[in-house]
Amino acid sequence: MNGIEDRLRDAFGARAEAVRPRAGAHAENARRLRRARARRRVAVPAAALATAGVAVAATLPAALHDDGPDALGAAGTPGALVDGSTIVTIPGTVAGGAAFRPDAVGTDGSVIGRTPDRRVWSAGPRAPKPKDLTAKAEGGLSTGPGFTTWINPGSWLLTCRTSGGLLRRIGPQGTTPEQPVLASGGMVVASDPMEQPWEARTKGCGDTGESTANHLGSTLGVAKAFAYPTMFVVEPWQKRVLREIDVRKDRVVRDHPLPTGVRPVTLPEQEVKSVTEGDHTTFLGGGTPAPPEQVWQAAANGRYFAWAVDGRLRIVERDGWKSRAEIARTPRDGAKDEAAAQLTAGDRVIAYAAGRSSTVYDTRTGRVHTWAGQVLAAGGWLLWRDGADYRLGRIR
Amino acid sequence: MPLAHGDHGRGDHGHGDHGREDDAHADDDGYEELFADHFWGLVRLAALLGADDAEDVVQDAFVRLHRKRRTLRDQGAALAYLRSSVCNASRSRLRHLRMARRRHAQLAPPGTAGSAEHDVVHGEDVRALLAAVAALPARQREVLVLRYWLDLTERETAETLGIAVGTVKAHGARAIAALGRRLKDEEDA
Chain A
-6 MNGIEDRLRD AFGARAEAVR PRAGAHAENA RRLRRARARR RVAVPAAALA
44 TAGVAVAATL PAALHDDGPD ALGAAGTPGA LVDGSTIVTI PGTVAGGAAF
94 RPDAVGTDGS VIGRTPDRRV WSAGPRAPKP KDLTAKAEGG LSTGPGFTTW
144 INPGSWLLTC RTSGGLLRRI GPQGTTPEQP VLASGGMVVA SDPMEQPWEA
194 RTKGCGDTGE STANHLGSTL GVAKAFAYPT MFVVEPWQKR VLREIDVRKD
244 RVVRDHPLPT GVRPVTLPEQ EVKSVTEGDH TTFLGGGTPA PPEQVWQAAA
294 NGRYFAWAVD GRLRIVERDG WKSRAEIART PRDGAKDEAA AQLTAGDRVI
344 AYAAGRSSTV YDTRTGRVHT WAGQVLAAGG WLLWRDGADY RLGRIR
Chain B
64 MPLAHGDHGR GDHGHGDHGR EDDAHADDDG YEELFADHFW GLVRLAALLG
114 ADDAEDVVQD AFVRLHRKRR TLRDQGAALA YLRSSVCNAS RSRLRHLRMA
164 RRRHAQLAPP GTAGSAEHDV VHGEDVRALL AAVAALPARQ REVLVLRYWL
214 DLTERETAET LGIAVGTVKA HGARAIAALG RRLKDEEDA
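Chains as they are written, first to last, in our numbering: chain A, -6 to 389; chain B, 64 to 252.
Some clues are possibly wrong.
[What the hints assert, rightly or not] Only pairs whose alpha carbons sit at most 20 Å apart, straight line, appear in this in silico EDC-like list of lysine to aspartate or glutamate: (1) B:K232 / B:D248; (2) A:K232 / A:D243; (3) A:K232 / A:D248; (4) A:K232 / A:E188; (5) A:K122 / B:E219; (6) A:K122 / A:D96; (7) B:K247 / A:D3; (8) B:K232 / A:D(-1); (9) A:K196 / A:D3; (10) A:K122 / B:E217; (11) B:K247 / A:D(-1); (12) B:K247 / B:D188; (13) A:K124 / B:E217; (14) B:K131 / B:E187; (15) B:K247 / B:E187; (16) A:K124 / A:D96; (17) A:K196 / B:E187; (18) A:K122 / A:D110; (19) A:K124 / A:E21; (20) B:K247 / A:E(-2); (21) A:K124 / A:D110; (22) A:K122 / B:E222; (23) A:K122 / A:D101; (24) A:K124 / A:D101; (25) A:K124 / A:D3; (26) B:K232 / A:E(-2); (27) A:K232 / A:E286; (28) B:K232 / B:E249; (29) A:K124 / B:E219; (30) A:K122 / B:D214; (31) B:K232 / B:D214; (32) A:K122 / B:D137; (33) A:K196 / A:E(-2); (34) A:K196 / B:D188; (35) A:K196 / A:E10; (36) A:K124 / B:D214; (37) A:K129 / A:D96; (38) A:K124 / B:E222; (39) A:K122 / B:E96; (40) B:K131 / B:D116.
Because the hints were derived from the structure by calculation, they are not lab data. Bear in mind that the values here come from a model prediction, so they are computed numbers and not experimental data.
Using the sequences and the accompanying hints, generate a full structural model.
Pasting the structure below:
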């Protein structure tokens, strides 16, 4: 794909974004349908018209009501969170019938996900039908304006794909499928296989990125959440802190204790047995096994930091680190639920999807919604499972 | 389908507004869902194609669809019909608009003619590119919008426009070449 084609995509996208939905479209359509029906009825000679000059009022069908935009909002929106006029339906199956499951939503409403064979598909508000990106992924999926990322099976390199189809590697030292790749404000951050964070710009997928500078001379930790320009990095081993790092300056701007419920990691003591015969010593190993790694998720927006661990979703205000909400969930499938959980934060909504249900917290009202299906939030967009398909719409 | 309220700690409890509310009327062969899902996307398509009143174009397209809805085999066919309808109507509107502008320019005193299309102010390069696209013949513009905004394949574009795949390729190639020449001329100027 050449430069003009990429520029066309961007220019069309920018022009299209300027078209803002407004209220009244459904009501206007209902009026036009009634007028069209009335015109057809008047044009057709009616047996009931007995003599010329008798005016008979055409009875209008009651199939449509002029209720305004909210009437259409009834068709699948999760409550009052979403502007119904912006909703698109993303099919839950792709061509061939395989089930499509979203992995991430971008701040531009782009969606990236996979089918069970790990093939990567993308969709979005302008093109709701999932498009095959002719790649497979083991993890590392993220998406945003003009790019998508993933990790090929068996690899530790992060592939970045532009909207024009150009493929590049980004990240100075790759990442692993177990770690999240987080996108915000034109950047992605992730952690390399040595659990050190790095950052890269996503424009054109042209930036190989750099490891977050370590001015303190100590291990920084693993990137868990990102709301540009702040990356949240957890170091549970020695310092046992959650760090806020400004990626513009590569500086730690704030430290917090480990989030409530997140356990520090203690390396087990090794009891090494050995046998010495002459000059030769054989080590027989042994010792206590390492505890299983704790699985937890985090997300952040400009105002809140959220984390989910051991079935509890907690949200704090970033300014002052004051607790805002604590929501207990009862996982339906126990530990399996939490391992595959997704915690995402949009500008207004924080969504925690685990097992077959999601908890959605509206930061504007403080209300908590429960939805029987996957929910993902990013920027001003919300994606949710609705029956066999997914809906994507702009938050009000 | 929505669950009942889950266990909640602090914070307000969720309200009862979950999922699908009872609709007072039966879904009209999926028409209302199609409208909800695609109206604004099609308005954006009409705007990109240069329609002077994009909402009006799309409203008309839906009204025409409503009459035919039972003859269309599924929602996919309905959406394809809507896109074709919007493309055809936008082309007609554009022709009408150009004729109206020509008449207006002939009648109005010098200096009063102005641009009827208002591009959103973005970067200068975006504006230049959109202006170059607007100057293309309607068919070339349609091919570019369907291929590079809707991400339709050449076959899907051909079906939407009712032309051959080869014609789509030719229009696309000519459009890209014309854009390249125009943008280069502007850079050199």
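* Asked: Which of the stated hints cannot be reconciled with the structure, identified by number in ascending sequence?
  -> Result: hints 1, 14, 19, 28, 40 break, sorted rising.
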